Amino acid sequence: MAQVLPAERDLRRVIGDGESVPDGEVDGLDESDFLELYRSLVLLRTYDERSVVFHRQGRIGTYAIFWNHEAMQAGAVHALADEDWIFPSYRESAIGLLRGIPAATILQWWRGHPTGWWNPADYNVASICVPIATHVPHAAGLAWGKKLRGENACSIVFFGDGATSEGAFHEGANFAAVMGAPLILFCNNNQWAISTPLEAQTRAETLADKAVGYGMPGVRVDGADVLAVYEATREAVERARAGDGPTFIEAVTYRAAPHATADDPSAYIDAERVEQEKRNECVGRYERYLRRLGVLTDELDQQIRGEAADAMRAGIAAAEAEAPADPGLVFEHAYVQPPPELARDRAELRRVLGGNEG
Amino acid sequence: MAQVLPAERDLRRVIGDGESVPDGEVDGLDESDFLELYRSLVLLRTYDERSVVFHRQGRIGTYAIFWNHEAMQAGAVHALADEDWIFPSYRESAIGLLRGIPAATILQWWRGHPTGWWNPADYNVASICVPIATHVPHAAGLAWGKKLRGENACSIVFFGDGATSEGAFHEGANFAAVMGAPLILFCNNNQWAISTPLEAQTRAETLADKAVGYGMPGVRVDGADVLAVYEATREAVERARAGDGPTFIEAVTYRAAPHATADDPSAYIDAERVEQEKRNECVGRYERYLRRLGVLTDELDQQIRGEAADAMRAGIAAAEAEAPADPGLVFEHAYVQPPPELARDRAELRRVLGGNEG
Amino acid sequence: MAVATRELTLVEAVNDCLHHELERDDSVLVMGEDVGRAGGVFRATAGLRDRFGPDRCIDTPLAEAGILGTAVGLCMAGWRPVVEMQYDAFSYPCLDQLITHVGRYHWRTKGGMEFPITIRMPYGGGVRAPELHDDSPETYYVHTPGIKVAIPSTAADAKGLLAAAIRDPDPVVIFEPKLHYRTLRGEVPEGDHVVPLGEARIVREGDDVTLVAYGSMVPLCEGAIDALDGEASVELLDIRSLKPLDEDALLAAAAKTGRVAIVQEAPRVCGFGAELAAILAEKAILDLQAPVLRVTGYDVPYPYWTIEDAYMPSVERVVDAVRRLLAF
Amino acid sequence: MAVATRELTLVEAVNDCLHHELERDDSVLVMGEDVGRAGGVFRATAGLRDRFGPDRCIDTPLAEAGILGTAVGLCMAGWRPVVEMQYDAFSYPCLDQLITHVGRYHWRTKGGMEFPITIRMPYGGGVRAPELHDDSPETYYVHTPGIKVAIPSTAADAKGLLAAAIRDPDPVVIFEPKLHYRTLRGEVPEGDHVVPLGEARIVREGDDVTLVAYGSMVPLCEGAIDALDGEASVELLDIRSLKPLDEDALLAAAAKTGRVAIVQEAPRVCGFGAELAAILAEKAILDLQAPVLRVTGYDVPYPYWTIEDAYMPSVERVVDAVRRLLAF
Ligand SMILES: Cc1ncc(C[n+]2csc(CCOP(=O)(O)OP(=O)(O)O)c2C)c(N)n1
Ligand SMILES: Cc1ncc(C[n+]2csc(CCOP(=O)(O)OP(=O)(O)O)c2C)c(N)n1
Ligand SMILES: [Mg+2]
Ligand SMILES: [Mg+2]
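Chains as they are written, first to last, in our numbering: chain A, 1 to 358; chain B, 1 to 358; chain C, 1 to 328; chain D, 1 to 328.
Hints listed in this document are in silico derivations from the structure and should not be mistaken for laboratory results.
Fair warning: this is a prediction, and the values are worked out from it, not measured in the lab.
All C-beta atoms in this analysis are idealised placements derived from N, C-alpha and C, irrespective of residue type, glycine included.
Please note: incorrect hints may appear among the correct ones.
For each label pair, taking beta carbons as the anchor points, the in silico distance ranges come out as [claimed, not checked]:
1. C:Asp229 with A:Arg305: 57 to 67 angstroms
2. B:Ala262 with C:Gly112: 27 to 37 angstroms
3. C:Arg6 with A:Ser266: 23 to 33 angstroms
4. D:Arg6 with B:Gln57: 31 to 41 angstroms
5. B:Asp23 with A:Glu238: 45 to 55 angstroms
6. B:Gln276 with A:Gly28: 45 to 55 angstroms
7. D:Asp248 with A:Arg351: 20 to 30 angstroms
8. B:Asn280 with C:Arg24: 51 to 61 angstroms
Calculated lysine to aspartate or glutamate pairs in the EDC-like style (CA-CA distance at most 20 angstroms, straight line) [what the hints assert, rightly or not]:
9. C:Lys256 with D:Glu282
10. D:Lys110 with C:Glu308
11. C:Lys283 with D:Glu282
12. C:Lys283 with C:Glu247
Input sequences plus hints: build the corresponding full structure.
Here you go:
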């Protein structure tokens, strides 16, 4: 009988704290990769921080904050090729920025404006999944479908610790394993599902342990260590491309911000732990690492941050310049070939709205 | 960090084949236990074999055969106290016989007659679950509910290898673990889900491996070894009563009969493997064990088999003596306090049916 | 004897009811995602965990089918679970347990066991939220045999119908109009307050046209009636209990004017408005002096929220329907 | 030019269609529980695995939500999945994926991607089976925006509607009347045969009363019409495509007689019969000379099979409805 592959229970880390914990390194990354990763982190961080401000200003709606989740998103995406597909949850709403989706588009999504939606095939980025875990089977199906077609692409699906409780996670993971689908199951374990702590979600010692039940490898990485995330994802991608099927990655972090702008975590969160996480947040950690390496200079940093700030300024300006959506869009894209009833409804709505305008 | 409990990958066995594999023993079983177990096995076997005949004779409807599954059912139930609850699937349709449900009742279930249903609270045996895995959360809820009430009862839920693919299995198992519910998840791994073999169902090395992902112990036993099943269940029950939560038991066997009377497995099954399993089927194995022990004599065997045959003869006679069901029962028990519409519908039906009779 | 009342918002009335019912019957427990530590994402369950402990107000794992499925087992152990689904569209994973088991288990036990589960959830649109926070899924529930359904449109009914649901021996689903959780306030009886299932409520009396609605469409219809002031005398019937249904009240309100429009937020095809119209087409055919109109959400995915107002039945669309009925 | 036909049973016609469509378009694949090695529990998919290989006729794990959820991803990879749900009531676990994603994903991509999924399943009662093998769940599907639904009542339509579904760019659900899988035979065109969605079929012409039905209720209504021979001249309309609906045919058939009974096997409340009646109450009110009657399954759990005949609409109940309409 083959040996079971238990979860790698040690948290993989590359980036140290500059003092007691020494830095490691990752094979095959050159300076441009390092800076590319940094650019991604800063872009995501800027997007997130600006969005919270925009929300307070009433310029976007409720918003799911991803502060301190950037390393998981940037590290994982850097390990993918362009033909690989990304299946984000609301927590990765802005991950498409790393694939060229304009900031304006994603801002519009949070503004409830139709230009916030995109054609996934244009970026190989699926739509933002709002319901928990239900996109796991989609990602499994896409990966399996690519494999059936003899294409080389794989897919990655992002979900949270809470998502591992849903049947959809289970069914998707199992399908991927059985079909040998080239899928990376990327679990953002920020240890909270809104107000529900991990210990009320599972009794598993680690979430990576769940991989055992699907007969797939499970690995654990420090989710605030962009290089560790990159490396683990790269290995999973290699395995997927080699035809060895899916991998489960548990990226361990801690939610250092409210669940979303509407949430007040003071009733349930451990404020001290949050402060500690904030001190060690992922963008600063990587920045210090790059400075220790001598790769990042003040000047370069300024430039990268400036570019990100510009992108956001341009993004919100473009979003706000967009004309209000045509109410007639209500009937658009419900079907490729809509039933005749919809045309009648559209005409009726136009008549009633027109009557008001007139 | 605590050590993960990997599945016990060795198949636990107690009963040998009388030759190369030596018999073991189980602490705490006396002769009356041995015979009680035998009586249960013979009763279930007789029920099953007679039912297949009754089906051929057109006296019961489609029937899910459980030939060679008797050891799992009898062994597990023997480890329970009367206050413990049993949640059967269709594969354990007759398990209630071991709790005193009359054979006639279960035959009526397969005859589609209302007297085939019972009040679960009378026997602590839940209704036969037809849809796969959806009763796992019920059993978890009952066990958790008993614990919340400070009662000592636990529950056991039976399901197949195929059931482990369903979201309902996953959610139920996880709830049980998180709530520390005194539940035994008993998986009848007969290696087929109708025509779908285990390797098309999962890539896990063993089904017991799935326990790891829920942070509960998983054990594997030979499902055709009634004593191994008993012992594993007894340990799980002890754990449950001690407040240590659920246990996953994988009982490994092989489906040596069609899925159900309507199924023709010739298109997909390995006929040779079936023959091999039949030679080592669970009732005969235990019978030989008891004879080696000197516990079972020809005379006793005759008596036990005679009793079972009598029970079945009486059962089918009672079932067939039952008056045809009143069509008015259609409206019965839909609600405790039915909406007024139902009374109107019932009156209308009576009028129309009466009109025909008149 | 005057009943003491307090002015509460709709969600406060829900919270008040839960406190009262958990106090009254110690077999009642509340369970769901974030109902405990956080007191619910809308604070409907606030304070329950502190008062009744974590065994009677339970933060569950994130698994709606697991929530409803374990609730079935909890009933078998003697509990009366009040289950929260966090949002309408996030209740869909529980439909399998609902249809397969919750609606059938009492029948399966030949009446031997009861399954007094209450499922409550915020429902409906207009709240400027990302997709899947806006659905009106009552059809999926009310079409399911063995299930009862009620939808309050006032703070007092939010308490009274929920109390009736919790005390009912059958499974009952309560949809709470989240758009009005905090905007609708009203006098709510303190302590015991039960609004029996199966009784509709006449909101406005009128002679020309009858509007039939429930949930968040009731205040909308009131707005439409106000807009029609002087133009038409409109009767407004709040169905409030979809199953059991107060058919007599429906038929009486239809007969009174002979002109009926039904207003429902859910998509049209097989919405509950279709059921109401079908009942009228069978049982009020001689009373009807005009077509039975339906003003509903459209049969399309609930839209991006900047244009959701065009999707939802509006005062304009209801007024238009009334005028068409009058002109017929 | 005469089209070559063969006499087939309803399930053989399904099988014939699948063979033809997989041959015709190599992006079509079939997936589900036991569809491969066993050829389906009703043998609807027999022979496909041998002919097209295990990558185009796939035995999946036992997980209905996983089946439909992976089908969404397969579409994104360019496949046209034809998904089998083994039985009506075992499709309920897939409702979450259906409502949450299948009906909305095309919209979500701003029309950029298509999700040409076909879901087919045997449905309906009368087959003397244990519980949950007998449901008529079309309401759950047809109420869901973004989804189309069709239900054949003949062998030729079983092929033609399924072909239309597979070629349709939108998700389509086909319910196959399992009671008639082997008892209904008919001439079925060989090769290409498409019955467009959205076209009803006049089964019998008549002047006194109109029966409207679909699926297994169509042959039932034919039986009722035969029983009424000499007593009444009855028009029978087979709706066959629930969404899109052939409203013109419905209104014409209703107008022709002014007396309409709708026959549906599903429970009554919010069944598709309610939708049809509601359309008549709105658009045919001046044509109606009698109440619109519904003959349906009851709003109770589908019963034990020895008494299922009392649950299902019967010839007697349909005849009774026709007589009541005539006597009105
Ligand atoms: C099916 C479903 N149920 C409930 C919700 C409401 N909800 C939104 S986020 C969330 C918590 C998710 O936690 P987790 O999976 O850990 O992801 P995180 O938000 O921490 O990234 C819940 C319950 C939902 N979106 N979908
Ligand atoms: C939800 C659901 N889907 C499909 C079915 C149809 N079905 C009946 S038995 C069966 C196979 C079950 O296999 P397994 O879980 O291994 O149990 P076994 O029959 O082998 O005991 C299937 C697919 C069902 N009963 N319920
Ligand atoms: Mg989380
Ligand atoms: Mg099996």
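Results of checking the hints against the structure:
Take C:Asp229 and A:Arg305: their Cβ atoms lie about 59 angstroms apart, and the range 57 to 67 angstroms holds. For the pair B:Ala262 and C:Gly112, the beta carbons lie near 30 angstroms from each other, so the given range of 27 to 37 angstroms is met. For the pair C:Arg6 and A:Ser266, the beta carbons lie near 27 angstroms from each other, so the given range of 23 to 33 angstroms is met. Range check, D:Arg6 to B:Gln57: Cβ separation about 36 angstroms, and the 31 to 41 angstroms hint holds.
In this structure, B:Asp23 and A:Glu238 meet the distance hint of 45 to 55 angstroms, their C-beta atoms being roughly 50 angstroms apart. In this structure the supplied range 45 to 55 angstroms holds for B:Gln276 paired with A:Gly28, their Cβ-Cβ distance being about 52 angstroms. At roughly 21 angstroms, the beta-carbon separation of D:Asp248 and A:Arg351 lies within the given 20 to 30 angstroms, and the hint holds. At roughly 59 angstroms, the beta carbons of B:Asn280 and C:Arg24 sit within the given window of 51 to 61 angstroms.
For a cut-off of 20 angstroms, the pair hint linking C:Lys256 to D:Glu282 stands: about 18 angstroms separates their Cα positions. Of the supplied pair hints, the one linking D:Lys110 and C:Glu308 holds, its CA atoms being roughly 16 angstroms apart against a limit of 20 angstroms. At most 20 angstroms may separate the alpha-carbon atoms for a hinted pair to count; C:Lys283 and D:Glu282 meet this at roughly 15 angstroms. Of the supplied pair hints, the one linking C:Lys283 and C:Glu247 holds, its CA atoms being roughly 10 angstroms apart against a limit of 20 angstroms.
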